[in-house]
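Using the sequences and the accompanying hints, generate a full structural model.
So for the sequence shown, the numbering used here puts the first residue at 1; every next one is plus one.
It is possible that some hints are incorrect.
Unchecked claim - DSS-like mimics (lysine-lysine), calculated; alpha carbons at most 27 angstroms apart, straight line:
hint, residue 1, residue 2
1, K93, K9
2, K4, K30
3, K70, K43
4, K50, K30
5, K93, K74
6, K30, K74
7, K55, K43
8, K70, K30
9, K74, K90
10, K94, K17
11, K17, K30
12, K43, K90
13, K70, K90
14, K30, K43
15, K70, K55
16, K17, K43
17, K93, K30
18, K74, K94
Treat the hints as calculated values from the structure; they're not laboratory data.
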Amino acid sequence: MSFKKIDVKRTVNELRKDNEFNEIYLEIEKEYELIRQVVDTRKQIGMTQKNLADKVGISQQEISRFEREKHIPKLSNFIRILDALGLEMKIEKKDRISQ
Numbered sequence: 001m002s003f004k005k006i007d008v009k010r011t012v013n014e015l016r017k018d019n020e021f022n023e024i025y026l027e028i029e030k031e032y033e034l035i036r037q038v039v040d041t042r043k044q045i046g047m048t049q050k051n052l053a054d055k056v057g058i059s060q061q062e063i064s065r066f067e068r069e070k071h072i073p074k075l076s077n078f079i080r081i082l083d084a085l086g087l088e089m090k091i092e093k094k095d096r097i098s099q
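Set out below in structure tokens:
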């Protein structure tokens, strides 16, 4: 079986012209950015997944699944993850509300 080379960036940009696809893409992008910030912070402070899991009271496997975007933790666990990393979540009102 042969493989066809695809310009992924160009393909995604084409797909994003569709409003429904673009809304979903932006939603996933926000989720990915949030996870990336949590992982980057954990690594910057030199904390292992196991250390974090122990501080939060969940398994290392659950931290791993969260970091690989395979599992979204309960809100209470997510807040404990942020707290263990010295992070906090702020909620701000948007200038406009999406319809």
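Would you list, in rising numerical order, the hints stated earlier that this structure does not obey? Per hint list: 1, 2 and 16 violated.
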